[in-house]
Amino acid sequence: MNPSEPPSASDLSVDIQRVSKRFGDFIAVDDVSLTVRRGEFFSLLGPSGCGKTTLLRMIGGFELPTAGTIRVEGADVTDVPVHKRPINMVFQHYALFPHLSVAENISFGFRYKNFPPAEYEQRIAEAVGLVRLDGFEHRSPAQLSGGQRQRVALARALALKPKVLLLDEPLGALDQKLRKEVQVELKSLQRKLGITFIFVTHDQEEALTMSDRIAVMNAGRVEQMDSAAQVFEYPQTEFVAQFMGASNFFQATVRGIAEGFLSLAMPDGDTFSVPNPGGLELGEGVRFVVRPEKLDLRSRDLSKSGVPCMPVTIEDRVYQGISTVWMVKAKSGERFVIYEQNEKQFEERGKFAEGGTAYLCWSPRHTVLMRGETDDGAHA
Amino acid sequence: MPEETPRRGWASYPLVLPTWVVLGFFFVLPLVIMLIISFGQRGTYGGLKAIEDLGAYVTSGDFLANYKRSIEPLYLSIYWRSLWMAVVTTVLCLAISYPMAYYIAVIAPAKWKNLLLGLVVIPFWTSFLIRTYAWMLILRTEGLANSLLQWSGLIDQPLNLLYTDFSVMIGLVYGELPFMILPLYASLEKLDLKLLEAGNDLGANSPQTFFRVTVPLTMPGIVAGVILVFIPSIGQFVISDLLGGAKSILVGNLIQNQFAVARNKPFGSAIAFELTAVVLMLLFAYAMYTKKKGQEVLL
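Keeping their order, the protein sequence lines are chains L and D.
First residue of the first sequence? That's 90 in this note's numbering, and the numbers climb one at a time after it.
First residue of the second sequence? That's 5 in this note's numbering, and the numbers climb one at a time after it.
Read the hints as simulated data drawn from the structure, not as lab findings.
It cannot be assumed that every hint is accurate.
[What the hints assert, rightly or not] Straight-line C-alpha distance at most 27 Å; calculated DSSO-like pairs for lysine-lysine: (1) L/K418 to L/K383; (2) L/K252 to D/K198; (3) L/K418 to L/K433; (4) D/K198 to L/K202; (5) L/K250 to D/K198; (6) D/K53 to L/K173; (7) L/K276 to L/K250.
[Claimed, not checked] Between beta-carbon pairs, the in silico distance windows are: (8) L/I411 to D/N118: 53 to 63 Å; (9) L/H227 to D/L141: 54 to 64 Å; (10) L/G283 to D/L123: 31 to 41 Å; (11) L/D168 to D/I111: 14 to 24 Å.
Each residue gets a CB set at the ideal place from its N, CA and C atoms; glycine is no exception.
Model the full structure from these sequences, guided by the hints.
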């Protein structure tokens, strides 16, 4: 499965076409189109208020779109009520029924799926086993820890064998360590079951860890939809770059356009070549981003050898265990962040002193050009 | 006293003393006096007959005469009627109040909630007696209800509305409605609406979700409302007196009659004690129910 190829019709699980949602004057979701493949782990990523939860709730049927259509496995479900959709949801705070036991929570929906009552026990056992909660069947939700409740919610949704599972920030209430474990567990569970997962999160790391593809949302729109690695390595807009933790923005001018390559000039006159994404003209200004871990601090200027470098002042250095974070300031006043892997033994003073000068360099292939501001961002 | 109170030092006793004084003097003591009187006999002029030989009186079983009399068929039919009226009142109140409480707690915009709750409570500002008299004015033959029905052409002759079981029922339901709405509101207000979405998500339609999620979760409010309505309804005598006339005798009227008209205090005390015992048993059952469920006791 190649994430960058458009999916064929038979491969489609969820197909959202030009969906909008307005609440009064507020546009929560603005003309969004996206497709999710069958068996894919798909994440809607964005800050709070970006419309990701509203979009998820429309897929689940909890909100009706103001415009647009939603198809699941080829069938138009835009106006189908929640209880008739082949979709289940893991709610943000789990929404377990407090008056029912774990087993009763899991079997709540069995009768509506017309499962034969003789199979109930076995189906409950299967669901409980899936999330490794054997022996907890008769507990009430109040007697469970946060992580256990989250698993019950997952078991309850999966027990109904949905075609699509929606997850609304299900790990938000868990502590950091547990969260990491559950992320891995959830991903392997999804692979095992082959069910389409649509996952809403505001945590970029969480989305990267689990997703096959990610749609980064901002202000009701999809800014970028790509594989996890693409979104991380090649953010297309400043918003996505910033959201993925790459906040080192640079300005350059197009100096020359050759076959497949673009020659960029930095304000100080240094030039370097990058692959040509097209659509740029000679003399045009471009903004680009370089991820903090792709930046390098050098004691010598390497710009003569085609490696872009600029002189900077070291402002701060923060030791973080596996890496060191450098904060530097260019002559123009802009600040940049560099992550350096602590591969060698830690030296108390390091190679650069705070307040000292160095050269900030990066390999041209790590230059990620931003799309122009006029671009509407909603590309499939 | 809540469980989390770490110490029950001597300092807390002066604080709870008024409660015990009030309960003792105005509840326990009268109840004991009533119980003692209920074992006595009516004197010639309405007082208590002196007992000459207490030992013989007790061993002969005469002290239970009032209780024996109280289960005669004539009285049993009155209890049955009272019970029936109280049950119907409670069921009607529940059926009317649940949608109202649901609307106020769940559906109504937040800014309206206090206003709507205020409207539920406002009738309390007027004396209960006056409100019942108002119903007499509305329901009597030349009253508002009949005038409106005749004016609209629905009926030619005025209906006989007042002094019927119907008018008693209207009075009871009207009077008890707020006592059902308020506890239901308190329960529904705490309901997590995500749970209703979860019910829908798991395949239950709205009525199914209502009966499998909403009703069980608001059961404490339902039980509290039922008790708050049922108990006053079963002992009610003002409404049945004013709106039911002489035909509608409930156990409340029976007790009141024994004291005020028949001047048979011992017999009145016996029935009153029986009624109190039934009510206390119901309260006890409710307390056991909530304790078993591990929920807070709403009363």
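Taking the hints in turn, this is what the structure says about them:
For a cut-off of 27 Å, the pair hint linking L/K418 to L/K383 stands: about 17 Å separates their Cα positions. Between L/K252 and D/K198 the CA atoms are separated by roughly 22 Å; this keeps the pair inside 27 Å, and the hint holds. Our distance criterion of 27 Å between C-alpha atoms is met by L/K418 and L/K433, whose separation comes to about 25 Å. Straight-line distance between C-alpha atoms of D/K198 and L/K202 comes to about 21 Å, which keeps the hinted pair within the 27 Å bound.
The straight-line distance between the Cα atoms of L/K250 and D/K198 is roughly 21 Å, inside the 27 Å bound, and the hint therefore holds. For the given pair, D/K53 sits about 76 Å from L/K173 by alpha-carbon distance, which is inconsistent with the 27 Å threshold. Between L/K276 and L/K250 the alpha-carbon distance is near 17 Å, which keeps this suggested pair within the 27 Å criterion. Against the hinted window of 53 to 63 Å, the Cβ-Cβ separation of L/I411 and D/N118 comes to about 55 Å, which satisfies the hint.
Our hint of 54 to 64 Å for L/H227 and D/L141 holds, since their Cβ atoms are close to 59 Å apart. Evaluation of the 31 to 41 Å hint for L/G283 and D/L123 yields a failure: the beta carbon distance comes to about 56 Å. L/D168 and D/I111 have their C-beta atoms about 22 Å apart, which keeps the hinted 14 to 24 Å range intact.
In this structure, the earlier hints numbered 6 and 10 are contradicted, and the remaining ones agree with it.
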